[in-house]
Amino acid sequence: MIIAGDGYAYVPYQYAVCDDFISQDFHLGLLRVDSGGAYNNISVFDWSLPVGINPCEIPQFSEIGLITNADQGTVLTWETWENGSNQEYMAVTTGASASLVSAPQAPGGGQVVPVLQAQDGSFVGTAQDPNTGNNYMVAFDASGNVRWIVPNETPQIATADGGVIGQSGITYDQNGNATGQIGLSTQTWTGNMYQEAGSLEAMAVPSVFEAGASFWPTVGGNPSGNGTAFIQCPCLLQSTDTADPDQLESALRDGQAALMPQDQQGPTYLLLVGQPGIEYNAGQSFVLAAETASAALTQSGASSNSVPVLVSTVSDFAAALTGNGFITGGVTPLTTLGMNGPIAGGVTFFGHGGWLDLGGGVYDSALFLSPTRGSVYNLWIQNVGQLSNANLGTNATIVLYACNAGKNRNAGDSIAQLVANQLRRTVWAYPVDMWYSADPTPRIMLPVGRNADGTPIWPKVKSTTPLYMVPNANGVKAIPFYPH
Amino acid sequence: MHGAFALRIVTAVGLMAATGGPALPQVPSAEDVFARFCELDSQGGQLTSDGWQKIAALFVNPGTPRHDRIIVTDRGGQLRPAPEGGKVGVGREHLQYGQIDLPQIRFSAVDGLPPGAKIREAFMYVVKVTGPGGGQEWRIEGPVPEPHLTVDAAIRYVNEIRANTKDATIRKNADRTLAALKHIR
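Sequences listed follow chains E and L, in order. Just so you know, we're using my numbering here: the first sequence kicks off at 1 and counts up by one. Just so you know, we're using my numbering here: the second sequence kicks off at 485 and counts up by one.
Everything labelled a hint here was simulated from the structure, so no lab data went into it. Some clues are possibly wrong.
[Unchecked claim] Result set (EDC-like, lysine to aspartate or glutamate): computed pairs, CA atoms no more than 16 Å apart in a straight line: (1) E:Lys-460 <-> E:Asp-439; (2) L:Lys-571 <-> L:Glu-621; (3) L:Lys-666 <-> E:Asp-71; (4) L:Lys-666 <-> L:Asp-636; (5) L:Lys-612 <-> L:Asp-516; (6) L:Lys-656 <-> E:Asp-141.
[Stated by the list, open to error] Negatives, chain L to chain E, calculated, CB over 10 Å: (7) Gly-528; (8) Phe-591; (9) Asp-636; (10) Ile-639; (11) Thr-649.
Backbone N, C-alpha and C fix where the C-beta goes; we use that ideal spot for every residue, glycine too.
So here's chain E without its partners, still in its complex pose (with noise of 0.2 Å):
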């Protein structure tokens, strides 16, 4: 099974019927379901075969390659044994139906199996000679068309460049011609890589993972290889009710007379909100999550702020680190869910994140405070030494929930990096984009439902708590970040 680009679950299925002693019938079919279960049954393929000694014994059926078509549909290659011979299909799915097209022609004949997207909406498979045993990394479109074959390979990363990184390490470029050679190892969704050993410690960079190559630009169709293709910016496709900035200030100001509870025979915890912003207004949804944070550290025992300190400004930023008594909150699960779930430091940040553009190809990490133009506005490398960890407790960690806040870009530091760094202290935070939900569990947002155009309905963000920022990814962890 996978889930495409479109947020639909598709799921390969084979039968064959038994009837009568003349001939055996077998048929292909993809189901299509969407998030709240309904579902369409696409007929893909129907074959016949003369039966044998054991007319209704159990077939062997062959691989289904199933990949995403962008966020179109799928693609699906198979092969079926026919008049003594294998035969090798494609088909191209849109909507509820799917169209036969020619099977790309590997050598001997083999199977092609897709397994990346490239950048240009091309795929790359692998296959097998069925002959010799020979293995082939080949590329072809989605006509089925064979662009290159590359022996001996198998394909890893697809790249921006419209090229594809090999197992081997060895890069190609949208020819298949070798362009270099990477030393190649896992990548996770920060884009580092790690070796095999898998401590932090054995982190490599730079990385090269290439998220905006395609939907499905790596084995699996994204970091954690789980069959899933993944949208991107997902908070922004939700509608909220927006809120004025200056009297969301004006309210947060009021409330934060009784900021941090005097009782603090447990840790201390800070709970701070960006602004909404205006072209991309968040509504209320940062102090709503902040809100939601607040009552389980509360039920858990915990100290923290029952209304967030409003964070504008660098200066507000760092003032609030110094001016809320000691921290000392290191980071607790909330749920069950464990670190795959909500999660509260010593100082939480809910807000928007990105990249400040600098001109010339230059972009810096940033969290972006305040929907005001001006450096001050954002904090990011040139004015992250204003914060200091003078009420910060040895122990006291830092979780950033903020779009990409976790990322690191090429040798670029994330701004989650770059807070550890001055403050001394783990700073937690996701590589990926975030959206807002009532349920905590990371994972990609699907849509709730299809416009008569079939543009996707995204899911309308609640007024009301609980409200979580979930990474968009499946199972996607928040990512520690140690000073150095």
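Based on the hints, put chain L in the right spot on chain E.
Same frame as chain E, now just chain L:
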């Protein structure tokens, strides 16, 4: 014809009576000038000679047109302007989906950023200068940044290039780019 002329006179007299004098043309504010640039840029203004002239007129030192690549974005919006002395700091934010390399018309991610990432372009100023008529006008300090087009404007541009090129490679690239842009839309 005469009736229409008479109506215009009545309207003008009425306006003068209401304001106590002739209506003067309003000088666009710094924010207006920047908004005008954002609108022209998002629709591909930098890619035509007429559009470039209009955009260049909004800048103190526009420089020369930059046709290395097009950044493809959503419509985005302006940041709240911030006065700094005699200047007004302005900026825009948008979601960047990718870039189209020119003249190859090849679509790819922007410098390793994930598509759909939120980007702030926040380092421009609008300053007061003396205009051609001797009055004070707001202009953006140059040079003009790289072209930032909405997805729809980018599709229109690529379609136009595709229709007018004889280069098979560019046509092929344009087809792929159009497919990618339509997915985003």
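Q: Measure nothing beyond the straight line between the CA atoms of L:Lys-656 and E:Asp-141; if it is 16 Å or shorter, mark the hint as holding.
A: Judged against 16 Å, a Cα distance of about 13 Å means the pair holds.
Q. When you check the alpha-carbon spacing of L:Lys-666 and E:Asp-71, does it fall within 16 Å?
A. With Cα atoms ~10 Å apart, L:Lys-666 and E:Asp-71 stay inside 16 Å; holds.
**Q.** Separation of L:Asp-636 from chain E, once the least beta-carbon distance is taken, above 10 Å
**A.** 14 Å, holds
Q: Please confirm whether L:Thr-649 is truly not at the interface, meaning its C-beta sits more than 10 Å away from all C-beta atoms of chain E.
A: 18 Å, holds
**Q.** Non-interface label on L:Phe-591, tested against every C-beta of chain E at 10 Å
**A.** The claim breaks: L:Phe-591 does not keep its Cβ more than 10 Å from every Cβ of chain E (closest is about 8 Å).
Q.
Just want to verify: L:Ile-639 was marked as not at the interface with chain E; is every Cβ pair farther apart than 10 Å?
A. For L:Ile-639, whose nearest Cβ neighbour in chain E is about 15 Å away, the distance exceeds 10 Å, so it holds.
Q) For the pair supplied as a hint, L:Lys-571 and L:Glu-621, is the alpha-carbon distance within the 16 Å limit? A) 12 Å, holds
Q. Are L:Lys-666 and L:Asp-636 close enough, with their CA atoms no more than 16 Å apart?
A. Answer holds: L:Lys-666 to L:Asp-636 is near 9 Å, not above 16 Å.
Q) Would the pair L:Lys-612 and L:Asp-516 pass a check requiring their Cα atoms to be no farther apart than 16 Å? A) 13 Å, holds
Q | Nearest-CB test (10 Å) between chain E and L:Gly-528 | A | 19 Å, holds
Q. Is E:Lys-460 close enough to E:Asp-439, meaning Cα to Cα at most 16 Å?
A. 13 Å, holds
The structure does not agree with numbered hint 8 stated previously, though it agrees with all others.
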